[in-house]
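Student: Sequence:
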Amino acid sequence: MKSINPTLSFIIGLLVLLIVSACSKDSELFEFAIQEEIIENIEEETAENTEEQSDEESESEDNEDSQNNDNSEDPQNNDPDPSDNDNSSNENNGDGVNLSNFGVVGDGNADDTSALQNAFNSGQNLVANSGLTLKISSTINIISGSNQTVEWNGSTISIARSNLVLFIIDKPNGGLTTMNNLLIEGNEIAQDGFQIHSPIAFDNVDIQNLYSATNAPQAFAIFFDNNFTQNSSMTNCDCTGLNALNNNVIGDAIGATRCFGFYVSGIPSSQSTFTVSNFDFGEVWSEDGDVIEILDTLFEDTGSDIGQTYSPLIIENGTVSNWGRRGVKGTGGGYILRSIVFEPAEASNPNLPSSSRLGPSGIIAMGHTYFPAGADSRGNYGIAWGGLIEKCTFNGSSYDTQVILTRSDELTFKNNVLNNGADLQFQQNPRNIYVCNNQFGAGSIIYEQGPVFFPNLSNIVIASDNTFVESNYNRLNSWNSTETTFSCDN
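Letter 117 of the sequence shown, counting from 1, is numbered 117 in the UniProt record's numbering, and no numbers are missing.
In case anyone wonders, no lab produced these hints; they're calculated from the structure.
The structure displayed is predicted, hence computed values, not measured ones.
Since no wrong hints were added, every one of them can be taken at face value.
Using C-beta positions, here's what the derived DEER-type ranges look like: (1) Q449 to N118: 49 to 59 Å; (2) D111 to Q439: 47 to 57 Å; (3) N351 to N187: 10 to 20 Å; (4) F486 to I143: 47 to 57 Å; (5) G266 to S471: 46 to 56 Å; (6) G123 to D203: 13 to 23 Å; (7) T484 to A253: 40 to 50 Å; (8) S464 to N226: 40 to 50 Å; (9) N278 to N153: 13 to 23 Å; (10) N480 to S144: 53 to 63 Å; (11) N477 to N147: 47 to 57 Å.
Glycine is no exception: its CB is placed at the ideal position from the N, C-alpha and C atoms.
My request is simple: use the sequences and hints to build the entire structure.
Tutor: The following block contains the structure:
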């Protein structure tokens, strides 16, 4: 039996009401009944239309699903199935565009240099599949766009060409480059890991096995100037296994190796900082092997040390171990060394350069090596201005025991521990040096070494809260030194 059309039903009902109302003396009741009937019919028709539309959409979706299933089983279908792509090359999961979108293979055999360069040129955030091995044979330049993040997901970059500088980061306008979870394997042929000219944020980026016979290998080289418009950081970044050809010459590039170099040539207007934390730097051999170098070329150019403005460099919570010449070489001010454990090699270590005429030159050696023609604004001749060394542990060894402070002004040395005969040594022209609350173990003393410049201008304050095992601990004879009640925290 066929159902009555809703529209026909509405007309019949309306006629009935008209007949009834004709006999009625109450026109208001008629008017109300008409309105009620109209509203109910509109609501019913609306509900029925909604159900019909929903049924049609559901039927359409079922048809599309059926068609898609048919296409996936059709061998003539040329549309690629994303599930067939093991590398998820079309993936953009919010972390970045997958490197395979740019052609990166990452099997350790294919050369991924061009594809990786294209990825960085895109300026987009990037993500690698877990555990790739990228073979790289020429320098990758990171110079496009502003801020850019790369999640490497535990990938390894394997260097395939000698004397290679792997990455040059130089983004315009101080763009931040962020990298996480990468190992760079230099294969004892790569020269540099990173040359960095703009801000970075690195976490768990490690470098190992660099070597050069013609230049100075460096894992992380920072060229700090006014392009560093925002703070930078390196966290959980390690460096090990650096070496170079020894030629028995000091002052040339051959034979110099560095895990971390910080080279100041300008002062950022924002007074941004560069922080290195939770690191392990070591096994830096060769005749001029320094694990860390801090160099202020600004002073040589202008006669003004960045430390006179502020301290941009903070290195903290790490270990520095096993080097050919120095743990830290500092030829500039404006630094903070905090909570670092220093472990020099023993003299019997077979990795020490046997051909070197230089020998050890300090667990650390901090102060300017440059003598300008005239004095700077404080009357200093080649002085590194401003430094803080605190909460560090200096362990002497049969190879090196020297903690050297030379040609520095306004430097504070506090809350440190000197063990195994590690000595605090002053050279040449120290000014306004404050030594507070340090622990000097057996065999550890304070003394002077080498030529003395301007002894009447020296001012070394040794606070009474330092502790010593040796009774004859103060052997400063040529300079003005004062032992007094003094707090470096004031």
